[in-house]
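Trainee: Now for the letters of each chain:
There are 2 protein chains.
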Amino acid sequence: MSESEFQPTERTQVKRLPKRGHYDRETVYGILDSAFVCHVGFSVGGQPYVIPTNYGRTEDTIYVHGSAASRMLKTLSGGVPVCVTVTHVDGLVLARSAFHHSVNYRSVVILGTARLVEQPAEKMEALRLFTEHVMKGRWDDVRQPTEQELKATTVLAIPLEEVSAKVRTGGPVDEEVDYSLPVWAGVLPLETVAKEPVPDAMRKNDPPLPDYLKNHLR
Amino acid sequence: MSESEFQPTERTQVKRLPKRGHYDRETVYGILDSAFVCHVGFSVGGQPYVIPTNYGRTEDTIYVHGSAASRMLKTLSGGVPVCVTVTHVDGLVLARSAFHHSVNYRSVVILGTARLVEQPAEKMEALRLFTEHVMKGRWDDVRQPTEQELKATTVLAIPLEEVSAKVRTGGPVDEEVDYSLPVWAGVLPLETVAKEPVPDAMRKNDPPLPDYLKNHLR
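Quick note, the sequences are listed as chains A and X, same order. The numbers in the first sequence follow this note's numbering, run straight up by one, and end at 218. The numbers in the second sequence follow this note's numbering, run straight up by one, and end at 436.
In case anyone wonders, no lab produced these hints; they're calculated from the structure. Note that this is a predicted model, so its numbers are computed, not measured. Where is the CB? At the ideal position from N, CA and C, for every residue including glycine. Just to be clear, a hint being listed does not mean it is correct.
Claimed, not checked - DMTMM-like, lysine to aspartate or glutamate: derived pairs with alpha carbons at most 20 Å apart: (1) K204/A with D396/X; (2) K195/A with D308/X; (3) K413/X with E196/A; (4) K136/A with D308/X; (5) K233/X with E379/X; (6) K432/X with E191/A; (7) K195/A with E409/X; (8) K136/A with E10/A; (9) K369/X with E175/A; (10) K292/X with E10/A; (11) K422/X with D178/A; (12) K432/X with E350/X; (13) K214/A with D308/X.
Said to hold, decoys possible - Here are the computed distance ranges between Cβ atoms for each label pair: (14) G355/X with E191/A: 28 to 36 Å; (15) S180/A with V416/X: 17 to 25 Å; (16) E244/X with V177/A: 38 to 46 Å; (17) N433/X with E59/A: 44 to 52 Å; (18) A287/X with E191/A: 26 to 34 Å; (19) Y212/A with D242/X: 36 to 44 Å.
Assemble the whole structure, with the sequences as input and the hints as a guide.
Mentor: Next comes the structure, spelled out in C-alpha cells:
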C-alpha cells in the first residue's frame, strides 16, 4: 500500500464487483475536485437524512458549510457519524437485456466524523476554498466575508481517512447468447455543461464577463 | 390542504428559508421524473451510508433495485428507516459577496421505510418502470428479465408519504450596499446533456439508432 492510497476498511472495501473499487488519492481527488455538490448523510433520532450541499477540498480534508441555524450543521457539529458522497453520472449503459442495463458513474464515499471549525483563519480559508472550488478566480473578485457573516456560517471539516471510490466505465456487458439479438446497444454519454451566463437584472456597476468565467465556460 | 399536496410533518417541513419548501405533487413528481439517480441514506451500526442508485416512480411509490447480494438492499429489506434524495443542480448563483453565493437547485427528500417487493408481477412491473424511467421506449425493445434474473434482483418500494421538495431559482440576492460594487453578478446555468451515442464495439446484429433514442437526444 503506497502513501498515495487510502487504506480500505471493512466499511469502505468494495466487496461486490471489487474491480469497481478504487482507493488511490489520484482517483478520489479527481472525483472530488470535478464536482461541487455532495450528499451528506446523518441520522437524527434513528432517521437518516440525506441533504445536498456544497463542499471544498484541500489535501485530505473536505469542508462543508451552511447557516449556523441549519439542522444539518447543528447535528453534525455534535460529532456524530457522517457519510459524504459525491457522484458523477457519466452515461447510460444500454444493454441488449433489461437486466444488464447500467450507468457509467464515478462516486466517492467518505465515512467519518465532522469537526467544527472554530479558528477564524481556518474558517476564512475554508470559505475561500468553497468559492474557488466552484469557480477558480472568483474569491479575489468579490466582497469577502465580514466578521458577522463569518459568525453566521458554520464550517465543518471532515477528514479523508475512511474513503473509497467506485467507478464504472465502458460499454454494456451482455450475456453471450444476447449479443446476436437485433437490439441497439451502447452508451449514451451524459455531461453537465454550462450555458450562457445570465447577468443579474439588478446590476449597476457590473463589469463585463470576467476572464475566469469565460475560462470556466471552455 | 388539497389532495394534490403531501402533508408536511415535523421532519419534512422546511423551516429555514420556508419559501423554498414545496409539498405539492406536481413539484415533487416533476423533480423525481426528470432525474434517474437518487442518493439513498441508511444506517448500519450507527454509521450512515449514502449510496447513489437508480429509481423509478409510479403514483406515490418509488422503486429502487439492485443485486440481492448488495449490502444496501439487504439492509433496507429489513425495514429500517431510509431517506431517498433526488437533486438537480440548475446553476451557480454568483453574488457580489462571497457570503451570498448560492446554487440554484431542485431537490426532493423522501423519508420512510422500504417494503421488499416479493410478488413477481409487481417486481417485473418495477423493472419495466426503471427501464422506461431511464429511456422511454426501451423496455419493449430489449430482452426482458428471465426468472433467474428476477430472483437475482432485489426490488424495494418506498411510499411517497413523508416528502418535501426544496427549490431555489433566480439571481443573486445581495446586501443593499453591495449592489454598487464593480463585480459581475448573475447566474451560470448548468444543464445535463446527452452527447453522441457510442455503439457497442461488440455489436453483431444491432440495428441503427432507434427512434426513442433519437427522441431522447432532442
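Trainee: Does each hint fit the structure? Answer for all of them.
Mentor: Status of the hints after comparison with the structure:
1. K204/A with D396/X: holds, 10 Å
2. K195/A with D308/X: holds, 10 Å
3. K413/X with E196/A: holds, 18 Å
4. K136/A with D308/X: Measuring from Cα to Cα gives roughly 19 Å; hence the hint holds.
5. K233/X with E379/X: holds, 19 Å
6. K432/X with E191/A: holds, 17 Å
7. K195/A with E409/X: holds, 7 Å
8. K136/A with E10/A: Answer violated: K136/A to E10/A is near 37 Å, above 20 Å.
9. K369/X with E175/A: holds, 17 Å
10. K292/X with E10/A: holds, 17 Å
11. K422/X with D178/A: holds, 10 Å
12. K432/X with E350/X: holds, 15 Å
13. K214/A with D308/X: Holds - the C-alpha atoms of D308/X and K214/A are around 19 Å apart, at most 20 Å.
14. G355/X with E191/A: 28 to 36 Å: Check failed, 22 Å falls outside 28 to 36 Å.
15. S180/A with V416/X: 17 to 25 Å: holds, 20 Å
16. E244/X with V177/A: 38 to 46 Å: holds, 44 Å
17. N433/X with E59/A: 44 to 52 Å: holds, 46 Å
18. A287/X with E191/A: 26 to 34 Å: Because 31 Å falls inside the window, the suggested range holds.
19. Y212/A with D242/X: 36 to 44 Å: Given a distance of about 39 Å, which is inside 36 to 44 Å, the answer is holds.
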